[in-house]
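Engineer: Sequence:
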Amino acid sequence: MPAHRESFSSSHPAVLKQINTARLLELLRCRAPIARAELARLTGLTRSTVTVITAELIAQGLVRESGEVSSARGSGRPGVGLMLNPNGAFFIGAAIEAEHLTVVKLDLAAQIVARIQQPLVGTEPRPVLETLVQLINQIRQTEPASDLRLRGVGLTIQGVLNLAGVVIRAPFLDWSGVDLRYYLQPHLDLPLFVDNDANAAALAELYLGNATQSPCLLYILINNGIGSGIVINNRVFRGAYGTAGEISALMSDPPGQDNPYECGHRVGKEDLLNRYREQGGRATSLLELVERLAAGESIAHTVVQEWAEILARGLISVASLLNPEQIVLGGPLTVLFPYVKDTLTNQLRNQMPRQGEHGFFSNPKARLTVSAFGEDAAAVGGAVLAYQSLFQVPDLVLL
Numbered sequence: 001m002p003a004h005r006e007s008f009s010s011s012h013p014a015v016l017k018q019i020n021t022a023r024l025l026e027l028l029r030c031r032a033p034i035a036r037a038e039l040a041r042l043t044g045l046t047r048s049t050v051t052v053i054t055a056e057l058i059a060q061g062l063v064r065e066s067g068e069v070s071s072a073r074g075s076g077r078p079g080v081g082l083m084l085n086p087n088g089a090f091f092i093g094a095a096i097e098a099e100h101l102t103v104v105k106l107d108l109a110a111q112i113v114a115r116i117q118q119p120l121v122g123t124e125p126r127p128v129l130e131t132l133v134q135l136i137n138q139i140r141q142t143e144p145a146s147d148l149r150l151r152g153v154g155l156t157i158q159g160v161l162n163l164a165g166v167v168i169r170a171p172f173l174d175w176s177g178v179d180l181r182y183y184l185q186p187h188l189d190l191p192l193f194v195d196n197d198a199n200a201a202a203l204a205e206l207y208l209g210n211a212t213q214s215p216c217l218l219y220i221l222i223n224n225g226i227g228s229g230i231v232i233n234n235r236v237f238r239g240a241y242g243t244a245g246e247i248s249a250l251m252s253d254p255p256g257q258d259n260p261y262e263c264g265h266r267v268g269k270e271d272l273l274n275r276y277r278e279q280g281g282r283a284t285s286l287l288e289l290v291e292r293l294a295a296g297e298s299i300a301h302t303v304v305q306e307w308a309e310i311l312a313r314g315l316i317s318v319a320s321l322l323n324p325e326q327i328v329l330g331g332p333l334t335v336l337f338p339y340v341k342d343t344l345t346n347q348l349r350n351q352m353p354r355q356g357e358h359g360f361f362s363n364p365k366a367r368l369t370v371s372a373f374g375e376d377a378a379a380v381g382g383a384v385l386a387y388q389s390l391f392q393v394p395d396l397v398l399l
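Taking UniProt numbering, the leading residue of the sequence shown gets 1, the next gets one more, and so forth.
Heads up, some of the hints might be wrong.
Said to hold, decoys possible - Label pairs and their computed distance ranges (CB to CB): (1) Ile58 - Pro144: 20 to 26 Å; (2) Thr123 - Thr243: 20 to 26 Å; (3) Gln279 - Ser248: 20 to 26 Å; (4) Tyr339 - Asn233: 32 to 38 Å; (5) Val80 - Ala22: 18 to 24 Å; (6) Gly374 - Pro78: 24 to 30 Å.
Rather than coming from a laboratory, the hints here were simulated on the basis of the structure.
Even for Gly, the Cβ is constructed at its ideal location relative to N, Cα and C.
Construct the entire structure; sequences and hints are all you get.
Structural biologist: So, in structure tokens, the structure goes:
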């Protein structure tokens with residue numbers, strides 16, 4: 001569910017406890033095993049407050065003791081370490097994509113413990129969502145005991161959503177005005193979180209993947225279409241109406257003489273395969289194209305390098321605007337990354353010189369990488385929509 005601001009007084013005891021619990025859980029997520037004394041030092045909370053909250057978390061099964069740990073300062077007696085209990089909570093992520101439905105279940109250690117994928121048959125909203133509910137119920141039964149510890153379901157979709165989770169446009173499904181929450185919530189006895197695939201996948205990288213040290217992140221998700229998730233100061237940037245990150249217009253060739261009113265070659269999977277076949281290539285799938293590329297076929301090499309140059313021009317436009325610390329590429333076309341990494345890197349390096357010492361590659365931390373989650377990025381991102389709610393301090397309006 002897109003983030004919203006809640007009107008809480010920061011002095012309200014229940015809110016303070018919620019904030020402190022989230023802060024402790026976040027430290028346990030990032031720094032475990034860690035002693036109670038170190039948690040108190042890092043948060044500024046009293047040891048008694050830390051002891052009370054961690055005792056409650058242990059009673060809830062979210063945290064467990066892990067044996068003695070040395071003091072972070074190297075002095076004093078060892079303390080009893082605390083860590084998250086992997087079986088203490090589970091989270092379901094579901095992705096509606098152009099060709100299939102994917103559902104995963106994550107544990108509290110962020111490991112995928114179950115996965116189901118099914119081809120998408122038809123695109124009418126109700127049958128698709130009914131099938132999705134069946135898959136969610138199926139994955140809930142993979143370990144019935146864990147069902148009692150499910151914390152939520154996160155749903156992602158290729159398309160544009162508003163802040164309420166209503167599909168404004170999902171062109172590959174031909175959906176418009178579909179209220180995902182209205183369809184799904186009556187069939188689920190769990191909190192439901194909804195976002196587009198790129199935003200959710202960006203969160204997955206930030207929390208669990210290849211961008212855990214990058215508070216300013218640009219995530220590019222390429223499938224049949226292209227979108228981006230923008231993370232600024234560890235939060236997804238959504239814009240005024242929830243549609244930030246729709247960058248497809250930046251990822252195309254300039255119109256040519258023969259098609260002055262149409263966008264040129266775009267960077268989606270089908271666009272790439274169509275371009276390849278137009279040039280005489282014989283591959284009918286992305287896998288076959290990669291095989292021919294690996295075998296040194298000249299047509300495959302030429303078309304893929306053209307594709308990389310178009311992608312690079314779009315990346316330059318977006319990166320120049322946002323100045324991210326890291327760019328992560330996600331989706332099925334990341335299998336091409338080993339063949340185009342140099343092209344993308346050189347284009348970014350050579351075409352962004354005017355930013356000088358503040359340019360993308362001037363920062364030693366700056367990286368261009370691929371997603372840690374492959375084709376499951378959107379589904380894992382859905383699970384992270386629910387997962388992050390456990391660790392995230394709520395937005396506050398000071399009263």
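Engineer: It remains to establish, for every hint, whether it holds in the given structure.
Structural biologist: Hints and how they fare:
no., hint, verdict
1, Ile58 - Pro144: 20 to 26 Å, "holds (24 Å)"
2, Thr123 - Thr243: 20 to 26 Å, "holds (22 Å)"
3, Gln279 - Ser248: 20 to 26 Å, "holds (23 Å)"
4, Tyr339 - Asn233: 32 to 38 Å, "holds (34 Å)"
5, Val80 - Ala22: 18 to 24 Å, "holds (22 Å)"
6, Gly374 - Pro78: 24 to 30 Å, "violated (40 Å)"
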